[in-house]
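A.B. asks: Place chain B on chain A using the hints.
Order-wise, the sequence lines are chains A and B.
Just so we're aligned: the first sequence equals residues 5 to 357 in this note's numbering.
Just so we're aligned: the second sequence equals residues 75 to 311 in this note's numbering.
Please note that a few of the clues may not be correct.
[To be verified] Here are the simulated BS3-like pairs of lysine-lysine, each with C-alpha atoms no more than 27 Å apart in a straight line:
id, chain 1, residue 1, chain 2, residue 2
1, A, K206, A, K240
2, B, K189, A, K106
3, A, K331, A, K240
4, A, K227, A, K283
5, B, K113, B, K189
6, A, K214, A, K53
7, A, K240, A, K227
8, A, K107, B, K189
9, A, K240, A, K214
10, A, K206, A, K53
11, A, K227, A, K206
12, B, K113, A, K53
13, A, K53, B, K189
14, A, K300, A, K331
15, A, K214, B, K189
[Stated by the list, open to error] Taking CB as the label site, the calculated pair distances span:
id, chain 1, residue 1, chain 2, residue 2, range
16, B, W207, A, D17, 36 to 42 Å
17, A, E130, B, V149, 54 to 60 Å
18, A, Q357, B, V125, 54 to 60 Å
The hints are simulated quantities; they were obtained by calculation from the structure and are not laboratory data.
We treat Cβ as the ideally placed atom computed from N, Cα and C, and that holds for glycine.
Letter by letter, the chains look like this.
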Amino acid sequence: MTISVDIRKRMGDFLLDAGFEAGNEVLALLGSSGCGKSLTLKCVAGVLKPDEGRIVLDGRVLFDSREGINLSPQERGVGLLFQNYALFPNMTVAGNILSVLKKERRDHRREKLSMLLEKFYLQGLESHYPSQLSGGQQQRVALARILASDPSLVMLDEPLSALDSYLRWQLETELVRLLEQFEGTTLYVSHNRSEVYRICRKVSVMHQGKSEPVCDVADLFEKPGTLPAALLSGCKNYSRIERLSPRTVSALDWGVELTCAADVPEDSRYIGVRAHYLKIGEGPGENAFPCKVQRKAEDVFESILTVNPGTNGSCRPNSIIRIELPKDAVRDIREGDDLWVTVRPRDVMPLRQ
Amino acid sequence: MDLFPLYNSLRVAAISTVITFFTGIAAAYYIARTPRIVKGVLDCVLTLPMVLPPTVVGFFLLKMIGPLGPVGSRVLDLFGAKLVMVWYSAIFATTIVTFPLMYRTARGAFEAFDKTLLYSGQTLGLSNTFLFWRVMMPNCRQGILAGTVLAFARALGEYGATTMVTGYIPGRTATISTSVYQFWREGNDALAYKWVAVNLIISAAVLIAVNLLENRYRQPLRAAKDVLSDEEEGVRP
Numbered sequence: 005m006t007i008s009v010d011i012r013k014r015m016g017d018f019l020l021d022a023g024f025e026a027g028n029e030v031l032a033l034l035g036s037s038g039c040g041k042s043l044t045l046k047c048v049a050g051v052l053k054p055d056e057g058r059i060v061l062d063g064r065v066l067f068d069s070r071e072g073i074n075l076s077p078q079e080r081g082v083g084l085l086f087q088n089y090a091l092f093p094n095m096t097v098a099g100n101i102l103s104v105l106k107k108e109r110r111d112h113r114r115e116k117l118s119m120l121l122e123k124f125y126l127q128g129l130e131s132h133y134p135s136q137l138s139g140g141q142q143q144r145v146a147l148a149r150i151l152a153s154d155p156s157l158v159m160l161d162e163p164l165s166a167l168d169s170y171l172r173w174q175l176e177t178e179l180v181r182l183l184e185q186f187e188g189t190t191l192y193v194s195h196n197r198s199e200v201y202r203i204c205r206k207v208s209v210m211h212q213g214k215s216e217p218v219c220d221v222a223d224l225f226e227k228p229g230t231l232p233a234a235l236l237s238g239c240k241n242y243s244r245i246e247r248l249s250p251r252t253v254s255a256l257d258w259g260v261e262l263t264c265a266a267d268v269p270e271d272s273r274y275i276g277v278r279a280h281y282l283k284i285g286e287g288p289g290e291n292a293f294p295c296k297v298q299r300k301a302e303d304v305f306e307s308i309l310t311v312n313p314g315t316n317g318s319c320r321p322n323s324i325i326r327i328e329l330p331k332d333a334v335r336d337i338r339e340g341d342d343l344w345v346t347v348r349p350r351d352v353m354p355l356r357q
Numbered sequence: 075m076d077l078f079p080l081y082n083s084l085r086v087a088a089i090s091t092v093i094t095f096f097t098g099i100a101a102a103y104y105i106a107r108t109p110r111i112v113k114g115v116l117d118c119v120l121t122l123p124m125v126l127p128p129t130v131v132g133f134f135l136l137k138m139i140g141p142l143g144p145v146g147s148r149v150l151d152l153f154g155a156k157l158v159m160v161w162y163s164a165i166f167a168t169t170i171v172t173f174p175l176m177y178r179t180a181r182g183a184f185e186a187f188d189k190t191l192l193y194s195g196q197t198l199g200l201s202n203t204f205l206f207w208r209v210m211m212p213n214c215r216q217g218i219l220a221g222t223v224l225a226f227a228r229a230l231g232e233y234g235a236t237t238m239v240t241g242y243i244p245g246r247t248a249t250i251s252t253s254v255y256q257f258w259r260e261g262n263d264a265l266a267y268k269w270v271a272v273n274l275i276i277s278a279a280v281l282i283a284v285n286l287l288e289n290r291y292r293q294p295l296r297a298a299k300d301v302l303s304d305e306e307e308g309v310r311p
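Excised from the complex, chain A in its bound form:
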């Protein structure tokens, strides 16, 4: 089971340019809202037509602008779970699932229905209408309905973002279990990096309509490569740089020199440092620089320091660095204090534009 997508579509000022491949796995499309993730899914599903490109699923050409192939959504065999689940409000749970099983032989239908109801914990809810179900139940019905259509590819569009945090965790656990049972390719669209980290193994970052090459989720968090990918992966501090030597750079926005653990690629324009990887140091040393504490905020389980790089004489009030530390580590630090901040060379990530 493989899907390969390479499409372009212009909508006003927005240009979608998406390209990725996935095998028997869960591939995440990670991007902020409005970056074209949902648009990509709609193009793959066939409800929107790309301007040009090619979509191939398991060797079947679903769309090819050059050969003039554009299969209808019905012919594609691609399941799409919408954010609002899109259950038919005028049909019961059973009606929703049976509408998809219409083509099956009559004796198979009941069998398949009860199998799906059991698998998705929906027994007893057959005659309920979608409006009578909780968000989680609706999602299970929607997934059951998609699997009833026997798709070769399942696409999930922000399946958890409409839920509050407690329910979300519960549903995520369920979703992972159900995804494991599906034997095809899954595309998982999300703007939530932690969700992607937990659920998916491969990820393609989308930024302003353009998708970046597929990489391992672990790599995205360790070496994101580009600035948009770093920001999406949750990196909160970045600075423009000038390369001084293969391993040292000058962080222009912070006015400090930093050493990296590996060679900095020539085309790097930024460095990024995660808020968790910045520590408070004893004094001058490698990758240590003086800062002034601008603000100290208490989060639930940790403290967040907002600091300006530089000392009193050379303070840069417009560039801020965010540091997240355990509460104990910063107990004695007050706003206005001067301190030394350090970062290990391996935690300095060179980034392309």
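C.D. replies: Only chain B this time, still in chain A's reference frame:
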């Protein structure tokens, strides 16, 4: 009291409502998918009969289907049938006048309809016909029902265009509204009052029916039962 005007009004209104029901919904469905400029032009043309004085509609209609008009003369030649001054002339008039009501309410309902339901249905392999009749129509029922009833009520009360193409022939083309005018003109107020009363009763009955229907359909039950019973009886292939 001769009840012919009641019978004639009801049959004209019923037939023209059936015609506008299908044409109005079809127009709404297809025009909603056209590009914006085409939509604007068609929308304007199709809504025109609603804002034009009915006499202007009647005038155009007479020029088209009158014995000398391009349509009327041809039909007369081919079938020997007149299209004006007969009872069914009123159907042409009321259909044109009521069409915009059906078209506009249906289009409003279709535009408010959540398109993701159609998209998800398509990706699930359901045919567009199924989605139209079993998903889109049931979920737009309120708007379509309202449009149908409005069209029927308007057809029943239509006077201006009807009187121009049917005239007033007692026992042949008389409708309730043309009768009221005719009896008042003859100074027969008593009979005019009777027809006014009939008209009020029908209108009230129609409006009450709408309210009852809306309450009954607030819980969307029908379509789901259909799918289940089809499944059990194995009606569908």
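A.B. asks: For each hint given before, does the structure comply? Return the numbers of the non-compliant ones in rising order.
C.D. replies: none
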